[in-house]
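Chemist: Below, each chain spelled out in residue letters.
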Amino acid sequence: MIRGLITFIVLLGAWQGFVTLSGIPPFLLPAPDRVAVALVARADTIAFHALITGTEILAGLALGGLLGAGMALLLVASRPARRWLLPLLLVSQAIPVFAIAPLLTLWFGFGLASKVAMATLIIFFPVATAFQDGLRRTDPALLDLGRSMGATPGAMLWRLRVPAALPALASGLRVAAGVAPIGAIVGEWVGASAGLGYLMLHANGRSQADVMFAALFVLALMALTLWFTLDAVLRRAIPWQTETYPMEER
Amino acid sequence: MAALDLRLDLPQGLALGAEPVLAPLSLTLRGGAWTVLLGPSGVGKSTLLRAIAGLLPGVPGLGPAAMMPQQDLLVPWRDALANVTLGAHLRGQPPDLDRARALLAEVGLDPADHRKRPAQLSGGMRQRVALARTLMEDRPLVLLDEPFSAVDAPTRHRLQTLAARLLAGRTVLLVTHDPLEALRLADQMFLLAGSPAAPVPLSVPDGLAPRDPAALGAAQAALLERLAA
Numbered sequence: 001m002i003r004g005l006i007t008f009i010v011l012l013g014a015w016q017g018f019v020t021l022s023g024i025p026p027f028l029l030p031a032p033d034r035v036a037v038a039l040v041a042r043a044d045t046i047a048f049h050a051l052i053t054g055t056e057i058l059a060g061l062a063l064g065g066l067l068g069a070g071m072a073l074l075l076v077a078s079r080p081a082r083r084w085l086l087p088l089l090l091v092s093q094a095i096p097v098f099a100i101a102p103l104l105t106l107w108f109g110f111g112l113a114s115k116v117a118m119a120t121l122i123i124f125f126p127v128a129t130a131f132q133d134g135l136r137r138t139d140p141a142l143l144d145l146g147r148s149m150g151a152t153p154g155a156m157l158w159r160l161r162v163p164a165a166l167p168a169l170a171s172g173l174r175v176a177a178g179v180a181p182i183g184a185i186v187g188e189w190v191g192a193s194a195g196l197g198y199l200m201l202h203a204n205g206r207s208q209a210d211v212m213f214a215a216l217f218v219l220a221l222m223a224l225t226l227w228f229t230l231d232a233v234l235r236r237a238i239p240w241q242t243e244t245y246p247m248e249e250r
Numbered sequence: 001m002a003a004l005d006l007r008l009d010l011p012q013g014l015a016l017g018a019e020p021v022l023a024p025l026s027l028t029l030r031g032g033a034w035t036v037l038l039g040p041s042g043v044g045k046s047t048l049l050r051a052i053a054g055l056l057p058g059v060p061g062l063g064p065a066a067m068m069p070q071q072d073l074l075v076p077w078r079d080a081l082a083n084v085t086l087g088a089h090l091r092g093q094p095p096d097l098d099r100a101r102a103l104l105a106e107v108g109l110d111p112a113d114h115r116k117r118p119a120q121l122s123g124g125m126r127q128r129v130a131l132a133r134t135l136m137e138d139r140p141l142v143l144l145d146e147p148f149s150a151v152d153a154p155t156r157h158r159l160q161t162l163a164a165r166l167l168a169g170r171t172v173l174l175v176t177h178d179p180l181e182a183l184r185l186a187d188q189m190f191l192l193a194g195s196p197a198a199p200v201p202l203s204v205p206d207g208l209a210p211r212d213p214a215a216l217g218a219a220q221a222a223l224l225e226r227l228a229a
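In the order they appear, the protein sequences are chains A and B. Number 92 in this note's numbering belongs to position 92 of the first sequence; there are no gaps in the numbering. Number 202 in this note's numbering belongs to position 202 of the second sequence; there are no gaps in the numbering.
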């Protein structure tokens with residue numbers, strides 16, 4: 001964590017130095033100090049738009065996570081569902097979300113709903129595939145043990161396979177938390193009246209590069225906070241996940 | 001109560017897919033005694049064990065059996081005590097916690113460790129919990145699939161002695177790679193060999209199991225030669 005921060009500060013310093021030495025105009029590339037000034041001066045506006053984007057991301061994550069996990073369970077529990085729905089799962093990923101963004105805006109309007117739909121769509125796939133993969137990979141010896149104990153089919157799924165697959169679901173949710181902001185921002189670019197993506201597009205159009213960078217900075221901060229919070233929650237909720245390499249700094 | 005002999009008949013042998021694994025065979029597990037099955041990896045020992053457990057489609061098996069698998073297979077999300085009561089949990093029955101605690105004490109788990117998760121226990125301790133889980137099922141037939149292969153030699157020795165004591169009176173089938181383990185615990189012994197495989201009877205040393213390894217040196221050497229041949 002500390003080392004990551006140092007990398008960030010060094011990059012900021014290089015950026016500041018480059019802008020100062022090259023004399024590049026601020027409307028093309030503002031130095032970090034200008035961005036900081038813009039961040040403070042426009043704090044109210046940025047906070048307002050950040051709240052909206054944050055809501056879209058969280059709602060998309062909740063909805064996409066639930067739908068993805070539900071889809072995975074359905075695919076594993078029912079063979080007909082697998083035959084009928086697996087193509088749908090693949091198609092949901094094969095179609096670039098950019099391509100249908102205008103359509104979703106048309107259907108769900110310029111408000112929150114179309115962005116939540118977009119984020120949901122982009123989150124659904126990693127969650128569904130990761131969880132389904134986990135559910136399919138239950139140790140066969142564990143299933144043998146369960147059957148020898150006379151487990152009911154429901155218990156085999158809910159009390160053996162699902163808990164055994166929770167670490168896989170957690171991986172899917174981590175990936176989802178990483179891509180969730182993309183869905184929301186794409187939605188806001190295509191058509192919106194609020195949100196950080198809208199603000200950035202708007203600032204870009206008016207050559208307010210400093211505001212654009214300030215909004216981008218806040219977005220990155222939100223994405224990082226989301227990821228680390230989710231990671232901490234998942235670690236606490238599923239303490240039996242095996243770690244290949246610990247994330248903790250020594 | 002004297003346990004009855006159990007006989008598995010596979011008059012057609014057994015195939016997994018198109019691959020014949022087991023030759024036509026008939027195997028009798030002597031009631032209340034330990035039957036040990038030796039044989040090279042991949043010869044079909046586990047398949048025979050699964051057939052006996054009734055886990056293979058089309059093979060009725062030899063009635064309800066408690067299984068103790070190769071790795072301890074404790075589920076990581078339940079503590080030691082809850083792993084012992086896993087069977088009741090999977091059948092939707094209320095767990096008999098008093099009996100589970102008594103069994104954990106009997107296999108030598110400190111009461112302070114009853115609420116620990118498997119990850120917090122040593123390999124030997126986990127194997128003890130797995131033994132308690134097997135006993136908790138309280139079935140007349142017990143199937144052990146290389147249950148002590150993942151622990152160090154002294155721990156294995158202690159666990160063998162413990163299992164011999166706690167499983168006395170039950171009909172046990174032990175699958176193992178370890179000639180010494182086989183000679184210590186067997187009342188009757190078979191070598192599963194060939195392709196498709198069939199059980200060949202092996203001679204068992206005198207005396208009652210668990211036998212003292214000190215007296216098994218020559219028998220172990222002879223058995224090792226036989227297995228390596």
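Simulated from the structure, these hints should not be mistaken for lab results. There may be inaccurate statements among the hints.
[Unchecked claim] Not the full set, but computed from the structure, chain A residues with beta-carbon under 8 angstroms of chain B:
1) Ala94
2) Ser148
3) Pro153
4) Ala155
Backbone N, C-alpha and C fix where the C-beta goes; we use that ideal spot for every residue, glycine too.
Chemist: What hints, given by number in increasing order, does this structure fail?
Modeler: 1 and 3
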